[in-house]
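Given these sequences and hints, build the entire structure.
Per the UniProt record's numbering, residue 1 is the first one in the sequence shown, and the count goes up by one each step.
Calculated from the structure, these hints are not laboratory results.
This list has only true hints and no planted wrong ones.
List time: in silico PhoX-like cross-link candidates among lysine-lysine, alpha-carbon distance up to 25 Å: (1) Lys114 <-> Lys143; (2) Lys114 <-> Lys203; (3) Lys221 <-> Lys256; (4) Lys250 <-> Lys203.
For each label pair, taking beta carbons as the anchor points, the in silico distance ranges come out as: (5) Glu73 <-> Lys250: 46 to 52 Å; (6) Gln30 <-> Thr168: 26 to 32 Å; (7) Pro33 <-> Lys256: 49 to 55 Å; (8) His65 <-> Ser258: 48 to 54 Å.
Cβ atoms here follow ideal geometry from the backbone N, Cα and C, with glycine treated the same way.
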Amino acid sequence: MTQTELRETIDPEAVDGVWDDLINEARLQQSSPSLRSLMHLRITSRASFEDSLATGMAQAASDGHTYEQPLHEMFYDVLTLHPEIGRAARIDLIASVERNPAYPNPLIPYLFAKGFLGLEMHRVAHALWNEGRTTEAFLIQSKISEVFAMDIHPAARIGTGVFIDHATGIVIGETCVIDDDVSLLQGVTLGGTGKESGDRHPKVGRGCLISAGAIVLGNVKVGEYSRIGAGSVVLTDVPPHATVVGVPAKVVRINKPSDCPGETMDLRVEDMMPEYII
Numbered sequence: 001m002t003q004t005e006l007r008e009t010i011d012p013e014a015v016d017g018v019w020d021d022l023i024n025e026a027r028l029q030q031s032s033p034s035l036r037s038l039m040h041l042r043i044t045s046r047a048s049f050e051d052s053l054a055t056g057m058a059q060a061a062s063d064g065h066t067y068e069q070p071l072h073e074m075f076y077d078v079l080t081l082h083p084e085i086g087r088a089a090r091i092d093l094i095a096s097v098e099r100n101p102a103y104p105n106p107l108i109p110y111l112f113a114k115g116f117l118g119l120e121m122h123r124v125a126h127a128l129w130n131e132g133r134t135t136e137a138f139l140i141q142s143k144i145s146e147v148f149a150m151d152i153h154p155a156a157r158i159g160t161g162v163f164i165d166h167a168t169g170i171v172i173g174e175t176c177v178i179d180d181d182v183s184l185l186q187g188v189t190l191g192g193t194g195k196e197s198g199d200r201h202p203k204v205g206r207g208c209l210i211s212a213g214a215i216v217l218g219n220v221k222v223g224e225y226s227r228i229g230a231g232s233v234v235l236t237d238v239p240p241h242a243t244v245v246g247v248p249a250k251v252v253r254i255n256k257p258s259d260c261p262g263e264t265m266d267l268r269v270e271d272m273m274p275e276y277i278i
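See below:
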């Protein structure tokens, strides 16, 4: 699954309405002197969602050596050439609000959640990587790492409806593949096992939840709709619909078929129906 293969199940009206929702929320905040210029610069003065998103990306990536305007042009050009990135960002934003009760509206994660903006910057870096513009891709990767404390290799493939909560300490390796509707908490590592080459990073199935501090190493498959407990170390394949915990991680239950941990954000292991206990 790549980020260009978008889900068909999400409400298209909700996706198309994201930009209008952001504009409406921004206008409500413009009465505050401390927020007026931010709302104007990032949202109400912008021609489109993509223009606004490129502005946020350029601000995050700029420094004394790399200036904001040429960065904005680069980000905006990529977003224009790859409309699937803007659509994926809209879906990610909807997922962020649905899964985090700390977000009262989409404006908050859009402006202030480093997991959201870092992920969308990665999507641009991934497009550049695929075009052979590797130095620019690595520039964006380094900025994501420096500014947001999350390190995602530009080659990593990430689906839509992905929620990265808190973001600090996230590491995602080069050959990692993450499917749709996955949620990652802080300190998650999806890494290799050493100096091996080739396809060497995890493959995370749809609807998975990987809890804080979990480590998944090697070219292992994390089955769809599975849950990895906080602080666990996964070294072997995880069955679909399973909950695994421990060091090394072991299966402690099989989840209900209707359970999508990546969406419910249910981190509990002990609270389960008896018939599902292993």
